[in-house]
Structures are given as C-alpha cells and as structure tokens.
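Keeping their order, the protein sequence lines are chains A and B. Residue numbers for the first sequence follow the working numbering, so the first one is 1 and each next one is one higher. Residue numbers for the second sequence follow the working numbering, so the first one is 1 and each next one is one higher.
For the record, the hints were derived by calculation from the structure and aren't laboratory data. Note that the coordinates shown come from a computational prediction; the quantities given were computed from them, not determined experimentally. Some hints here could point you the wrong way.
Claimed, not checked - Think about it this way: if two alpha-carbon atoms lie no more than 20 Å apart in a straight line, the pair counts; the simulated SDA-like pairs of lysine to any residue are:
1) LYS35/B <-> LYS82/A
2) LYS82/A <-> ASN50/A
3) LYS29/A <-> PRO56/B
4) LYS17/B <-> GLY122/A
5) LYS32/B <-> ALA216/A
6) LYS82/A <-> ASP128/A
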Amino acid sequence: TLGQFVMKTRRILKGHGNKVLCMDGCKDKRRIVSSSQDGKVIVWDSFTTNKAHAVTMSCTWVMACAYAPSGCAIAFGGLDNKCSVDTNLQAWISTRLARAPSNLACSFTNSDMQILTASGGGTCVLWDVESGQLLQSFRGHGADVLCLDLAPSEMGNMFVSGGCDKKAMVWDMRSGQCIQSFETHYSDINVRYYPSGDAFASGSDDAMCHLYDLCADREVAIYSKESIIFAASSVDFSLSGCLLFAGYNDYTINVWNVLTGFRVSILFGHENRVSTLRVSPDGTAFCSGSWDHTLQIW
Amino acid sequence: MKELVSNSTANISQARKAVEQLKMEAYMDRMKVSKAAADLLAYCDAHIAEDPLIIPVPASENPFREKKLFCTIL
Numbered sequence: 001t002l003g004q005f006v007m008k009t010r011r012i013l014k015g016h017g018n019k020v021l022c023m024d025g026c027k028d029k030r031r032i033v034s035s036s037q038d039g040k041v042i043v044w045d046s047f048t049t050n051k052a053h054a055v056t057m058s059c060t061w062v063m064a065c066a067y068a069p070s071g072c073a074i075a076f077g078g079l080d081n082k083c084s085v086d087t088n089l090q091a092w093i094s095t096r097l098a099r100a101p102s103n104l105a106c107s108f109t110n111s112d113m114q115i116l117t118a119s120g121g122g123t124c125v126l127w128d129v130e131s132g133q134l135l136q137s138f139r140g141h142g143a144d145v146l147c148l149d150l151a152p153s154e155m156g157n158m159f160v161s162g163g164c165d166k167k168a169m170v171w172d173m174r175s176g177q178c179i180q181s182f183e184t185h186y187s188d189i190n191v192r193y194y195p196s197g198d199a200f201a202s203g204s205d206d207a208m209c210h211l212y213d214l215c216a217d218r219e220v221a222i223y224s225k226e227s228i229i230f231a232a233s234s235v236d237f238s239l240s241g242c243l244l245f246a247g248y249n250d251y252t253i254n255v256w257n258v259l260t261g262f263r264v265s266i267l268f269g270h271e272n273r274v275s276t277l278r279v280s281p282d283g284t285a286f287c288s289g290s291w292d293h294t295l296q297i298w
Numbered sequence: 001m002k003e004l005v006s007n008s009t010a011n012i013s014q015a016r017k018a019v020e021q022l023k024m025e026a027y028m029d030r031m032k033v034s035k036a037a038a039d040l041l042a043y044c045d046a047h048i049a050e051d052p053l054i055i056p057v058p059a060s061e062n063p064f065r066e067k068k069l070f071c072t073i074l
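Take these sequences, add in the hints, and give me the full structure.
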C-alpha cells in the first residue's frame, strides 16, 4: 500500500527564454537535455542546476530532443524538418541527419548509432546516425505522430507510437510491421511504456490517461476525474510502475496509483502548461518541463 | 471519370491493406485480462521496495535533498 506523499520541487532549472517543449534524461541519472521554443537545446546538470552545454538552432520550434545511451550525444529536431545529432558535446559539432518532415519526437534506440523519429507526415522512421540513411519506415498512422517510446530492452525491438489520429500503435522495428493498435481515446495522444514492457500508458487531449496491456491486447485502466478537463500532455511511470505521473495543460501534475486507478496526489508549481515529463533512469526524481520556461525536478 | 476510377482503386488497395493488417492482428495470441492484470500486480509488488519515489531513500543518499548551509554570514 502507498503511504502519504510529500513531493515537492527540489530544483528549478531556469534559462530558457520561451516555452520548454521537450526533455530527456541521461543514463548517468544526472544530466538532462531540454529543448525550447526559444530555439535552444540545453544540457543541464540536475544536481547543481548548472548548464553544461547549449546549442542554438536556426528554427525556433525545437519540438523533440533525446539523450544518447552513451551520454555522449544528443539529438534534437523540430519544424526545421531535420533531426540533428550533436555527437561531441565538447566541441559543438553537429551532424545534420536527414529530412524528417516536422520532427515531433525522437529517440535513440539501444545504441548511439540508430535513431527513431516521429513526424508530422504520419510516419515513424528508423535512421542510421552515421550515414543518415533510412533503415526502416513505419506507416500506418492516419495523422501526425506526436510521440514514441521504445520498449525496455528485455522486450526486444519494439516501440509504441501515439498520434493525432487517436491511435496508439505498437511496431516491430525490424520488419516495420504494426503488431497491435489501440484506439480508445477521443483525441491526440502521447505514450510511454510500463517498466516491464508488457503494458503502456497514454495521455490524451481528452484529459484522460489510459493503461493498455499488450498481452491482453486491450485497454485495462482509465485515469480520469470529472474535475480534470485539460489535456494530459505527457506521462511517465515511476521505477516500479506503481505510480503514473501525468503533466496537464492546467499547469498541474497528477500522480495516479496505477493499480487502483485513484489519484494519489496533485502537484502545483508550474505557472503554465506542463509540456513534457520524465522520470529519471534510477527513479529518484522526475523532471517536468513547462510553457512557463522552466524545468522542475520533483 | 478516369479520376473517379483511380480514386476508387486507391481506396480499394488501402482497404485491402487494412484487411491484411486486421487478419494478422486477429491471429494474435491474447492473454486473459485476469492473468494480465495479475502479472502487472506481481510486477508492482516485486519492485515497489526499490522505488525511491514510493519508499523514500535516506536524505544522505538523495542527490536532490535540500542543500544545507553550514556557514553563516556574520
């Protein structure tokens, strides 16, 4: 059973000049990369709140950013139709990757050498970082793909994508085939895998979050309240999978008990929409990014 | 007339693809929800002790604890 929750802001990362659109954590459990509408991609040390590195993009809508598994590279992209990989954080060298129409989400696979992007065209693409070549494309969404998440490595090469067509689709990375698809939301969705890889959660513009079990091939839980009427923009699980953190457009973060479906806590702190949320790799904290220009560590 | 024909051919091929996809999904092995839910519960129970956000780690090990100031400015 879960006891009383005291979760509060531990650190505030200030420095972006505009809405924070995306963030990702490094496997070293300390560094965080964030991207913002100010056109900047910043790498932070979350313990000290110092900025370790910053890149300025020519395009202001940097909607996607990701940390490479090695911790030595970051990827970012947006409405500039490219996904750029910065492989040497010391020397600010950047390799333009490939044409990816309005890059809305990106993630490295288990290696620094491959990257998955989700685009405005409704397709997801797997790229080879060194050559910039397209390795596999995943077609099936009827509208923009907003979000993707890779299955935990024990599950093999799969990922889930969520789109503006209200569908969540699970893909086999090697064959490009869609294995399962789910459509129970009323609006755009974002997705995140459950730690075991047997399930995933989705947050939606319809103000609800769902849990889908992949073995049962169906939705198994809904996290919603009549009082919550704003979009859930980003979701993530705590390390054990017992808690689901969801950031909303009403500036709050709701903490849900995954198994009972009840809300455990509501967190206030941001002064504008929460746009992105990630639990750190070791589960000791989670970070939320917001349109109020800040990132907060809880 | 030709545009109408080509539109319907495109729709037919799209529909065929959808049918193929659905056939493939229909043959998938599904677990009963009672078993799947039990698995999720078991996973949570097994890992809840390691979850630092549920069972808080001592302040000395928590890198995000409040920084204590040991000096005062006189």
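Evaluated hints:
no., hint, in the structure
1, LYS35/B <-> LYS82/A, "44 Å, violated"
2, LYS82/A <-> ASN50/A, "28 Å, violated"
3, LYS29/A <-> PRO56/B, "17 Å, holds"
4, LYS17/B <-> GLY122/A, "16 Å, holds"
5, LYS32/B <-> ALA216/A, "6 Å, holds"
6, LYS82/A <-> ASP128/A, "14 Å, holds"
In terms of the numbered hints stated before, the structure departs from hints 1 and 2, listed from lowest to highest.
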